[in-house]
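Visitor: Starting from the known structure of chain A, arrange chains B and C with the ligands on it as the hints suggest.
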Amino acid sequence: MTLLEFASGPGLQWALWIFVFGITWRVVGAVFLLSRKDISKPRHTNTISAGLGAVWSRSSPARAFEKKIRFQHVTGYAWHFALFISVLFFAPHILFFESVLGFSWPHLPNTIILITAIVATAVLIALLIRRATHPVQRFISNADDYISIFVVLVPLVTGILAFTHFGARYETLLAVHLLSVEVMLIWFPFGKLMHMIMTIPARFQAGTAFGRRGVKA
Amino acid sequence: MRKDQNLGEYLRMQGVSRRGFLKFCSATASLMALPPSAVSQVAEALATARRPSVIWMSFQECTGCTESLTRSHAPTLESLIFDAISLDYHHTLQAAAGHGAEAAREAAMEENKGEYILVVDGSIPNGNNGYSTIAGISNHDMLIEAAENCFAIVAVGTCAAFGGLPNADPNPTGAVSVSEIIKDKPIINVSGCPPIPVVITGVLAHFLTFGTIPELDALGRPVAFFGQNIHDRCYRRPFYERGQFAETFDDEGARKGWCLYKLGCKGPTTYNACATLKWNQGTSFPIQSGHGCIGCSEPRFWDKGGFYDPISAGQWGSRDALLGAAAAGAALGVGSALAARARKKKAQAAEEI
Amino acid sequence: MSSLDTIPVCTEVATGNVEPLLHEIRHALKRLAEGKEGTVIDLKRLPLAPGEEERIAATLGTGEVRAEIDALGPTLIQETSYPGVWLITHKNADDVVVARFVEVTYIPELLRSQQADIDAGINRLENELKN
Ligand code: SF4
Ligand code: SF4
Numbered sequence: 022m023t024l025l026e027f028a029s030g031p032g033l034q035w036a037l038w039i040f041v042f043g044i045t046w047r048v049v050g051a052v053f054l055l056s057r058k059d060i061s062k063p064r065h066t067n068t069i070s071a072g073l074g075a076v077w078s079r080s081s082p083a084r085a086f087e088k089k090i091r092f093q094h095v096t097g098y099a100w101h102f103a104l105f106i107s108v109l110f111f112a113p114h115i116l117f118f119e120s121v122l123g124f125s126w127p128h129l130p131n132t133i134i135l136i137t138a139i140v141a142t143a144v145l146i147a148l149l150i151r152r153a154t155h156p157v158q159r160f161i162s163n164a165d166d167y168i169s170i171f172v173v174l175v176p177l178v179t180g181i182l183a184f185t186h187f188g189a190r191y192e193t194l195l196a197v198h199l200l201s202v203e204v205m206l207i208w209f210p211f212g213k214l215m216h217m218i219m220t221i222p223a224r225f226q227a228g229t230a231f232g233r234r235g236v237k238a
Numbered sequence: 004m005r006k007d008q009n010l011g012e013y014l015r016m017q018g019v020s021r022r023g024f025l026k027f028c029s030a031t032a033s034l035m036a037l038p039p040s041a042v043s044q045v046a047e048a049l050a051t052a053r054r055p056s057v058i059w060m061s062f063q064e065c066t067g068c069t070e071s072l073t074r075s076h077a078p079t080l081e082s083l084i085f086d087a088i089s090l091d092y093h094h095t096l097q098a099a100a101g102h103g104a105e106a107a108r109e110a111a112m113e114e115n116k117g118e119y120i121l122v123v124d125g126s127i128p129n130g131n132n133g134y135s136t137i138a139g140i141s142n143h144d145m146l147i148e149a150a151e152n153c154f155a156i157v158a159v160g161t162c163a164a165f166g167g168l169p170n171a172d173p174n175p176t177g178a179v180s181v182s183e184i185i186k187d188k189p190i191i192n193v194s195g196c197p198p199i200p201v202v203i204t205g206v207l208a209h210f211l212t213f214g215t216i217p218e219l220d221a222l223g224r225p226v227a228f229f230g231q232n233i234h235d236r237c238y239r240r241p242f243y244e245r246g247q248f249a250e251t252f253d254d255e256g257a258r259k260g261w262c263l264y265k266l267g268c269k270g271p272t273t274y275n276a277c278a279t280l281k282w283n284q285g286t287s288f289p290i291q292s293g294h295g296c297i298g299c300s301e302p303r304f305w306d307k308g309g310f311y312d313p314i315s316a317g318q319w320g321s322r323d324a325l326l327g328a329a330a331a332g333a334a335l336g337v338g339s340a341l342a343a344r345a346r347k348k349k350a351q352a353a354e355e356i
Numbered sequence: 004m005s006s007l008d009t010i011p012v013c014t015e016v017a018t019g020n021v022e023p024l025l026h027e028i029r030h031a032l033k034r035l036a037e038g039k040e041g042t043v044i045d046l047k048r049l050p051l052a053p054g055e056e057e058r059i060a061a062t063l064g065t066g067e068v069r070a071e072i073d074a075l076g077p078t079l080i081q082e083t084s085y086p087g088v089w090l091i092t093h094k095n096a097d098d099v100v101v102a103r104f105v106e107v108t109y110i111p112e113l114l115r116s117q118q119a120d121i122d123a124g125i126n127r128l129e130n131e132l133k134n
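Chains as they are written, first to last, in the working numbering: chain A, 22 to 238; chain B, 4 to 356; chain C, 4 to 134.
With the rest of the complex left out, here is chain A (with noise of 0.2 Å):
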């Protein structure tokens, strides 16, 4: 078996079967804690649109940050933006996903893939480095973060790589790149990278716990 046919073989199952194994663990044990009753005499009862007003609201900065927080916010966008544009509209990424979920859709130009792909490794990297060096980032990070932006840095660096056919041969880095993938699957239900499927859940439940209360945020 060649390293290609592992890691598009056995390599690529066991990653998705951890993933999907560590997400639903994850999300199912979320959402049993949430079914606490709550007895108190709610405020309001509309929490719907509370909590969707607060996934938009902590969409953008608060007014009294936004100078400060500027660049993060920025590059934020910027990061995630570019990654999306990578990872869902490059034909053989489409190709790799039609094969696991059995639809497809359009594709993009190489070259606009390319260019994204630039920008999100790029970006990735001015934060990993804002991150390391800046005395309060520095300080709220833990090893978590660390391995969340490293798992995700390398898919996109050996996928730059397979892309231009730089450094080795063609089969070499796309089984590269598909292992890298595989290893950021598979730490992706344990780590950070959960924000993905956390973060507008999260952000819609606080907001319609604080709207019952009648808590403005």
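If you are wondering where the hints come from, they were derived from the structure by calculation, not from laboratory data.
Wrong hints could be hidden among the right ones.
[To be verified] Once the Cα atoms are required to be at most 30 Å apart in a straight line, the calculated DSBU-like pairs of lysine-lysine come out as:
{"id": "1", "chain 1": "B", "residue 1": "K348", "chain 2": "A", "residue 2": "K62"}
{"id": "2", "chain 1": "B", "residue 1": "K281", "chain 2": "B", "residue 2": "K259"}
{"id": "3", "chain 1": "C", "residue 1": "K33", "chain 2": "C", "residue 2": "K47"}
{"id": "4", "chain 1": "A", "residue 1": "K62", "chain 2": "B", "residue 2": "K349"}
{"id": "5", "chain 1": "A", "residue 1": "K89", "chain 2": "A", "residue 2": "K213"}
{"id": "6", "chain 1": "B", "residue 1": "K188", "chain 2": "B", "residue 2": "K116"}
{"id": "7", "chain 1": "B", "residue 1": "K281", "chain 2": "C", "residue 2": "K47"}
{"id": "8", "chain 1": "B", "residue 1": "K281", "chain 2": "C", "residue 2": "K94"}
{"id": "9", "chain 1": "B", "residue 1": "K186", "chain 2": "B", "residue 2": "K116"}
{"id": "10", "chain 1": "C", "residue 1": "K47", "chain 2": "C", "residue 2": "K94"}
{"id": "11", "chain 1": "C", "residue 1": "K47", "chain 2": "B", "residue 2": "K259"}
{"id": "12", "chain 1": "A", "residue 1": "K62", "chain 2": "B", "residue 2": "K347"}
{"id": "13", "chain 1": "A", "residue 1": "K213", "chain 2": "A", "residue 2": "K88"}
{"id": "14", "chain 1": "A", "residue 1": "K213", "chain 2": "B", "residue 2": "K348"}
{"id": "15", "chain 1": "B", "residue 1": "K347", "chain 2": "A", "residue 2": "K213"}
[To be verified] Far from chain C, some chain B residues (derived; all Cβ distances over 12 Å):
{"id": "16", "residue": "R53"}
{"id": "17", "residue": "P55"}
{"id": "18", "residue": "T215"}
{"id": "19", "residue": "F310"}
{"id": "20", "residue": "G338"}
{"id": "21", "residue": "A350"}
Backbone N, C-alpha and C fix where the C-beta goes; we use that ideal spot for every residue, glycine too.
Guide: Quick look at chains B and C with the ligands alone, frame taken from chain A:
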């Protein structure tokens, strides 16, 4: 051609002029993927070249490789290469048969000890040797005997080079490649199912010209022909870059000649010379005819997923296994939530006391 | 008419290799004009789309000299419309193209009479005169 003659003398005797010889040399240099500037070097080497003795053995094979080769056997140029080597034994092409043929083989091996080139096509059953025999001798034993005193081995075709079709899962005959059995001789793998005919002649021409082993890649293939993958030399590459793909074999994209990646083209992971040398006297090659590369010059290409599955598709296993993982995760999730709640209740109860 | 003829086949595919090749020829021609060495380009070594080899030949056009050599099959030597740029097509006895070169030179080597052939010719002539 007499054995003690060199090629230059032989050609002159055949009435080939110096001009004809130079033409032969430039075609040969082109064949060997040498730059045109190497022609004079080739001419010099060829003029004094001695004809190498070649013993060709066919084991567990379909004769497709020999068929391919005889297609390149057009009169004059390429046939000169064949005249120039001394093909002392070839099961399929020779007139002799039976014990006479085997005797000829043994005589040739004896006469050219340490100097002959052994060409092998077909894989070798390595388990029950009775699966393939010639004149009562198993392929395995015959290979070992013939390899002992050869100068080098050319494994022609994916079967001889990597095991090929006989080696494909479940490999009922225990078929293996030449390199699995012979470890102490230089082996040149000319893979392909079949190999491009001019690549076979190109490798023989290299022996003829330089008398040495050409530069080989990690899989033992001559870099001159297998140094680049199909994708890097494919004329459909601009469509790949632009993201223009044929989705089916008869859609608009297919008609416009767009990239065949989505239809399972293995060009990006396949190393061969199809995109430049092409097939049938340079007429076309599979991708040009509208079908993706199936990766026939790579080890185990039969077993690397479907010919029509895109390279980037993964084997993700069964839906059931994924559902199982999800169920296990859910159970653990419920369990840990319940446990957390129980712990909390206990703590609260303890507080109340 | 068979149904095959009704399938439209598109041949207007471009590898992007034609332009660079023409530039390479231009550079080679300049080098030649400066008194430096000539250049030979092997057309069979370039990845070309169907129709591109013809496009190259068409762009180069046909010039004043056209010669055919009969040695081990026909060889066509055509000066292109750009003096100094020659298109050389080697065929075997079956009329199948075995190699194709663009040669940038004053006169292709193959057109010159070769020393070995001249020597052989002298011999033959002398033999002829003896009888
Ligand atoms: S047809 Fe195949 S080899 Fe050609 S560009 Fe597309 S994927 Fe690459
Ligand atoms: S294009 Fe690919 S499958 Fe076809 S002959 Fe060449 S290497 Fe083999």
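Visitor: All the hints need checking, so say for each whether the structure fits it.
Guide: Hints and how they fare:
1. B:K348 with A:K62: holds (23 Å)
2. B:K281 with B:K259: Holds. K281 of chain B to K259 of chain B sits at ~20 Å (cutoff 30 Å).
3. C:K33 with C:K47: holds (24 Å)
4. A:K62 with B:K349: holds (26 Å)
5. A:K89 with A:K213: holds (24 Å)
6. B:K188 with B:K116: holds (14 Å)
7. B:K281 with C:K47: Distance ~9 Å between K281 of chain B and K47 of chain C Cα, so the pair holds.
8. B:K281 with C:K94: Holds, because 16 Å separates the two Cα atoms, which is no more than 30 Å.
9. B:K186 with B:K116: holds (18 Å)
10. C:K47 with C:K94: Distance of about 13 Å is within 30 Å: holds.
11. C:K47 with B:K259: holds (24 Å)
12. A:K62 with B:K347: With a Cα-Cα distance of about 23 Å, the restraint between K62 of chain A and K347 of chain B holds, given a limit of 30 Å.
13. A:K213 with A:K88: holds (26 Å)
14. A:K213 with B:K348: Between K213 of chain A and K348 of chain B the Cα gap is close to 29 Å, so the pair holds against 30 Å.
15. B:K347 with A:K213: holds (25 Å)
16. R53: holds (20 Å)
17. P55: holds (21 Å)
18. T215: holds (22 Å)
19. F310: holds (23 Å)
20. G338: Fine: 60 Å to the nearest Cβ keeps G338 of chain B off the interface.
21. A350: Fine: 72 Å to the nearest Cβ keeps A350 of chain B off the interface.
Going through the hint list in order, the structure satisfies each hint without exception.
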